[in-house]
Amino acid sequence: MSERRRRPATYRQALKRAALSLVAMMPTVLGVVGLVGIFQVFITKEMLASLFTKEPIRDTVVGTLAGGIAVGNALVSYILGGKLLEQGVSLYAVTAFVLAWVTLGVVQLPLEAQMLGVRFTIARNLLALIFTMLTAILTVQTLGVLG
Amino acid sequence: MKLRFQGVKFMVGVGLLYGGLALYDSDKTLQALQKSGMVLMEILAIFSVVVFISAAIHYYIDSRSLAKHLGEESGLKGWLIALGAGVLSHGPMYAWYPMIRDLREHGAGDGRVAAFFYARAIKVPLLPIMVEYFGLAFTIVLTIYILLSAWIQGLIMDRIDWIAEDREP
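These protein sequence lines map, in sequence, to chains A and B.
Using our numbering, you'd call the opening residue of the first sequence number 1 and step up by one each time.
Using our numbering, you'd call the opening residue of the second sequence number 148 and step up by one each time.
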């Protein structure tokens, strides 16, 4: 049983232990935060928009992958998604893009793996990737049925 | 507790990447550094809350009682707590990793954790804006499917025994 798992004698001791645990992971946090800055500045909205070809199936996959790479506030994905719709990109692709933006994160993978384990990270992200595409397809199909 | 830093090589690698990018475009690299600084401030604010929650988990919460509420056997209540917490949580996903790690160590099931993460796709404060951009029907249908997807992913995660092997012994 790890030292962290043993119940601390006082709350103060627990607080110290929690703070030290966060301090220990700061190099990874700083690395991830550094990557977030790079992705936000070097991967522009125009670059992401240029990936779409207006072919629904291909664009749904592209939307999922592009959303998974992109970082930033979810609001940005709505604005960009709205623009993509205006440009004629399918709702399947835009839904996948908006959803992947908040559920997937290539940048945070190292930290997730370190904190929660490599296997958990692989399984969770693979499932999220598949379900993001499925959710996008089901959402648009349902809207079609509802008229 | 002995302090052992994790991810030093990764951080150095990102530092080197900044160095390389600065040679290519110093203005953009500076912008990236500024953006990172802003993100770091946001993370540190969340971390200050996470420290207190983590300490409380370690000190007050007994593993058996937490497993009862969020473990694999916690039933509908466990799913509702995980989904509700996901919908209500704010900030970047990675800011919540330390707290989630502590909860897993105290018995929270992988399925509930996965459901929590996926339910975070529902951003309550941004729902009016989603309605504005994509319409009310789209927002309602997508929100329902996100919750269903989160729950189904959780059910699948609970059935993948392979994951349990990388939990601490």
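Where hints are given, some of them may not hold.
Restricting the straight-line Cα-Cα distance to at most 30 Å, the calculated cross-link-like pairs of lysine-lysine (DSSO-like) are [stated by the list, open to error]:
{"hint": "1", "chain 1": "B", "residue 1": "Lys175", "chain 2": "A", "residue 2": "Lys45"}
{"hint": "2", "chain 1": "B", "residue 1": "Lys156", "chain 2": "A", "residue 2": "Lys54"}
{"hint": "3", "chain 1": "B", "residue 1": "Lys224", "chain 2": "A", "residue 2": "Lys45"}
{"hint": "4", "chain 1": "A", "residue 1": "Lys45", "chain 2": "B", "residue 2": "Lys182"}
{"hint": "5", "chain 1": "B", "residue 1": "Lys156", "chain 2": "A", "residue 2": "Lys16"}
{"hint": "6", "chain 1": "B", "residue 1": "Lys270", "chain 2": "B", "residue 2": "Lys182"}
{"hint": "7", "chain 1": "A", "residue 1": "Lys16", "chain 2": "A", "residue 2": "Lys54"}
{"hint": "8", "chain 1": "B", "residue 1": "Lys175", "chain 2": "B", "residue 2": "Lys215"}
{"hint": "9", "chain 1": "A", "residue 1": "Lys83", "chain 2": "B", "residue 2": "Lys156"}
{"hint": "10", "chain 1": "B", "residue 1": "Lys182", "chain 2": "B", "residue 2": "Lys156"}
{"hint": "11", "chain 1": "B", "residue 1": "Lys215", "chain 2": "A", "residue 2": "Lys83"}
In short, the hints are calculated from the structure, not lab data.
Just so it is clear, the structure is predicted and the values come from calculations on it, not from any experiment.
I'd like to know which numbered hints this structure contradicts. Please list them from smallest to largest. Of the numbered hints given earlier, those the structure breaks are 2, 3, 7, 8, 9, 11, listed in rising order.
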